[in-house]
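Q: Here is what each chain is made of, one letter per residue.
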Amino acid sequence: MLVKDYMTKHPLMVQPTMSIVEAQRFMGENNIRHLPIVGKGKRLLGLATRQTLLVQPATLGSLNVWEITRFLSNLTVGDVMVKDKDVVTIGKDATIEEAARIMVENKIGCLPVLEEGLVVGIITEINLLAQLMEMMATRVPGVRVTVRMPNRKGELAKLVGAIAARGWGILACGGAPAPKQPDKWDAVVKIRDVPREEIVAALEQVEGQEIVDVREI
Amino acid sequence: MTTNHRIQTPILKVENLAISYETRKGDVQAVRNVSFEINRGEAHGIVGESGCGKSTIAFGIVNFLGRNGKIVDGSILFQGQELRGRSEEELRRLRGDQVAMVYQDPMQALNPSLRIGDQLSEVLIVHRNLSKEAAHEKCIDMLKRVYMPDPEAVMLRYPHQLSGGQQQRVVIAMALLNNPALLIMDEPTTALDVTVEAAVLDLIDELRREFDTAIMYITHNLGVIARVSDRVGVMYAGEMVEQAPVEEVFLNSMHPYTQGLMRCVPKLGLSKESSYLCPIRGRVPSPAELPPGCIFEPRCDYARPRCRQTHPELRQAAPGHFIRCLFAEEIAAQEWQPPEDLIPDLTALMARKAEAAEPILHLQNVRTYYEQESRSVASLIGLGKKCYVKAVDDVSIEVPKGCTLGVVGESGCGKSTLAKTIVGLEPLTGGEVEFLGFDISVPVKKRDIKLIKELQMVFQNPDSTMNPSFTVGHQIGRPLRCFKTVPRNQVRDEVIRLLEAVKLSAVYYDRLPRQLSGGEKQRVGIARAFAARPDLVLCDEPVSSLDVSVQAAVLNLLLEIQQQYGTTMLFIAHDLSVVRFFSDYIAVMYLGRICEVGPAEAIYAPPYHPYTESLLSAVPIPDPTAEQKRIRLSGTVPSALNPPSGCRFHTRCPRKIGEICETEEPPCRDAGDEHRIYCHIPLEELRKLEPVVTVR
Chain Z
1 MLVKDYMTKH PLMVQPTMSI VEAQRFMGEN NIRHLPIVGK GKRLLGLATR QTLLVQPATL
61 GSLNVWEITR FLSNLTVGDV MVKDKDVVTI GKDATIEEAA RIMVENKIGC LPVLEEGLVV
121 GIITEINLLA QLMEMMATRV PGVRVTVRMP NRKGELAKLV GAIAARGWGI LACGGAPAPK
181 QPDKWDAVVK IRDVPREEIV AALEQVEGQE IVDVREI
Chain V
1 MTTNHRIQTP ILKVENLAIS YETRKGDVQA VRNVSFEINR GEAHGIVGES GCGKSTIAFG
61 IVNFLGRNGK IVDGSILFQG QELRGRSEEE LRRLRGDQVA MVYQDPMQAL NPSLRIGDQL
121 SEVLIVHRNL SKEAAHEKCI DMLKRVYMPD PEAVMLRYPH QLSGGQQQRV VIAMALLNNP
181 ALLIMDEPTT ALDVTVEAAV LDLIDELRRE FDTAIMYITH NLGVIARVSD RVGVMYAGEM
241 VEQAPVEEVF LNSMHPYTQG LMRCVPKLGL SKESSYLCPI RGRVPSPAEL PPGCIFEPRC
301 DYARPRCRQT HPELRQAAPG HFIRCLFAEE IAAQEWQPPE DLIPDLTALM ARKAEAAEPI
361 LHLQNVRTYY EQESRSVASL IGLGKKCYVK AVDDVSIEVP KGCTLGVVGE SGCGKSTLAK
421 TIVGLEPLTG GEVEFLGFDI SVPVKKRDIK LIKELQMVFQ NPDSTMNPSF TVGHQIGRPL
481 RCFKTVPRNQ VRDEVIRLLE AVKLSAVYYD RLPRQLSGGE KQRVGIARAF AARPDLVLCD
541 EPVSSLDVSV QAAVLNLLLE IQQQYGTTML FIAHDLSVVR FFSDYIAVMY LGRICEVGPA
601 EAIYAPPYHP YTESLLSAVP IPDPTAEQKR IRLSGTVPSA LNPPSGCRFH TRCPRKIGEI
661 CETEEPPCRD AGDEHRIYCH IPLEELRKLE PVVTVR
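Same order as they appear, the protein sequences are chains Z and V. Per the working numbering, numbering through the first sequence is continuous, rising by one, with the last residue being 217. Per the working numbering, numbering through the second sequence is continuous, rising by one, with the last residue being 696.
Bound-form chain Z, shown alone (with noise of 0.2 Å):
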């Protein structure tokens, strides 16, 4: 689960010479949100989101109509993109978590992937969140089981380990300390083709767990 393997390979990329109304449309018919600007060879110069498009009424010199167009055609994505040196990038053998903390900490929706300073593509919350879709096996129907367990050791193997003794299969399991009870532990499991009663009939003779959430998906 490295960033390569779920960037946005060959993104939408425009040179720094588009005028800013250009861009505007093009990121609205291609509904894309972020744009890198590269120069000569993919070289990453900044970027644009649909934020920096948005020009301050403050920088105009005048808000007489004649004047905004003038001052609009005037310019180019070149002068609005945050500069290449601001934009917060990362490399393609980062772990996807990594790509998360980065994106979380600085409180930004994207990041170009890098080699050597080329865009070789884009990674953004999307991206992370159908990953997050696909490690929870969103797309497959099974009975999804939320257990409140101990936060220790061998807890998550108890209940694994009811799961393999009756031979059924685990689709995805994912796990989080338990909102606002730092001594607890939430593992969500899903589990195929077997009826939701069998499960917590099974589940529910886990010793010191207690089912918190059942439901069919």
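Be a bit skeptical, because a hint or two may be false.
[Stated by the list, open to error] For lysine-lysine, the following DSBU-like pairs were computed, each having C-alpha atoms within a straight-line distance of at most 30 Å:
no. : chain 1 : residue 1 : chain 2 : residue 2
1   : Z       : Lys92     : V       : Lys138
2   : Z       : Lys107    : Z       : Lys9
3   : Z       : Lys92     : V       : Lys144
4   : V       : Lys132    : Z       : Lys40
5   : V       : Lys144    : Z       : Lys40
6   : Z       : Lys107    : Z       : Lys180
If you're looking for bench data, these hints aren't it; they were derived computationally from the structure.
Given chain Z's structure and the hints, the job is docking chain V onto it.
A: Relative to chain Z, chain V alone:
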């Protein structure tokens, strides 16, 4: 894993594209109304006969149409940006290093005067401003990615020092150096041997997955399309007539033209007894004289009056399946019956085959060596040791009267030399050739004219075997006059009869070769070979340069003539499906030797010689559901100047059993029914091999 969670902008989106060429007669629309799109990591195949505008589309996308070509209508969106109507400079910047192209002939794509290393690193130095050293490193990495053996040494070589397959790998590596978003491949494997082709196709498939490159793949070979593409567009006379996912096109084609194309190619394993080829009648109309209604109407078996008036639009007939036909739903392809005049009547041929025929041609230990001077000083004064290229070495085969012997093998294995030796164009080095009981081991000059008359040849390239300044009638008449087949005053009538026999009319008598299409030229070549009413005709790749529909017609023609005259044929080809279809007996050659010979059906089922097995696993099959074992030969055919000891195939054999293969000549193993295999592996083990191709 699929990550297509949202609608993406396709890498390439072509809409209503029309391209014209300016000619003296006015603008000729070579491509009209073509639309398709290619997503990331998708391979879109474009297939059609020659002259259908496939390459024109590719050239239009990279703006390489030449001085007289221009895009007249439509749009080409690359990565969301319009390419049409931009200046050269803008285009260069937009496309930049994001589109790469691989052409048919790798030798023409490489500069013969520069080392491979310099050509490759130039791409990186120019586009990415890399230093020479860094570029060199990267190039070696890329050559390793395309499985080039010994990349460091290859970097120092010149293009002519590489084999065709290696050259094509270099070109592909060069195309991928910049990590392009779109790769356009125009018949990249057409000039390569099947074994090399299979390896290159594997490579393309793997790179597509790794780099997520969108590929536009142009070819006329239906088998190749079935192997590489996700979606297929079928072009006919400048229009896209059908577009669908690959399985749909092959298993459930809806347009009569696509159905016709499928019927033109022999399926691997089918023979002339159990099936027939159905050529599409007529030919592709020239773009200047298009019919007013449906462009396929004049050749269509289902044409109705409305087809003549209304030009059909591309419409969706099933989800994802687009066709340009008014009545596609009413066509039942399974119930299709070939028109009477298209299928040759082969009953007599079958009957004749049933009788045990006498061998007409008998080859015993035939050797043809080419002398080559060694480069030492001693050879300058005539004292050097002589080297020999053993083009044909110790070949013994028989051809029964009225039957067809197919000869297959990779290029450079001596197929053509064998034919030339029999015909007498190459002097025999050793062994015996007996024809009708006569010894014909003498060169053609010393042969009796009656003997020459009985042995005729059809060549691969019809263009270079006809004299451009003589009329067709004169050329076909020449053997008639030389051999005095008919009295002098009847030559003209006989030529016209021959022309009619090859489905050409008398009007062709006064035409010059340049006024004929490729298929017509090959027909004239066949008429000329059969003019003397020979007993044996040697066909050296007679259909390799022809389009599938023409190929089917020419094969049918050969069968019909063979049936009429009872001619024996030696049929050389590299397409294993065609050979299987056409021949009664097949000989598989490798490096001048026969490694397997026997009845056609026996060759295509176990026991196989390991070489035959790998050849069969490399044939592209025009059926995406067929399962094929994956055996890939490494390396190229070794030099015939210094062939490997023992079994000649041991250097590349995937089933080599040990030292015995290197030291001893393989024994002849008789698998019954005249089926002979030359291999060290015992027959019982070869019999246990699973069939290479399973068609569901």
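Q: Each hint needs a verdict: does it hold in this structure or not?
A: Now the hints, each set against the structure:
Restraint check for Lys92 (chain Z) and Lys138 (chain V): the C-alpha separation of about 17 Å stays at or below 30 Å, so the hint holds. Proposed proximity of Lys107 (chain Z) and Lys9 (chain Z) is supported: the alpha carbons are some 23 Å apart, at most 30 Å. For the suggested pair Lys92 (chain Z) and Lys144 (chain V), the alpha carbons sit about 20 Å apart, so the restraint of at most 30 Å is met. About 18 Å separates the Cα atoms of Lys132 (chain V) and Lys40 (chain Z), which keeps this hinted pair within 30 Å; it holds.
Distance restraint check for Lys144 (chain V) and Lys40 (chain Z): the Cα-Cα separation of roughly 26 Å lies within the 30 Å cut-off, and the hinted pair is therefore satisfied. Distance check on the hinted pair: Lys107 (chain Z) and Lys180 (chain Z) sit about 23 Å apart at the alpha-carbon level, within 30 Å; holds.
Going through the hint list in order, the structure satisfies each hint without exception.
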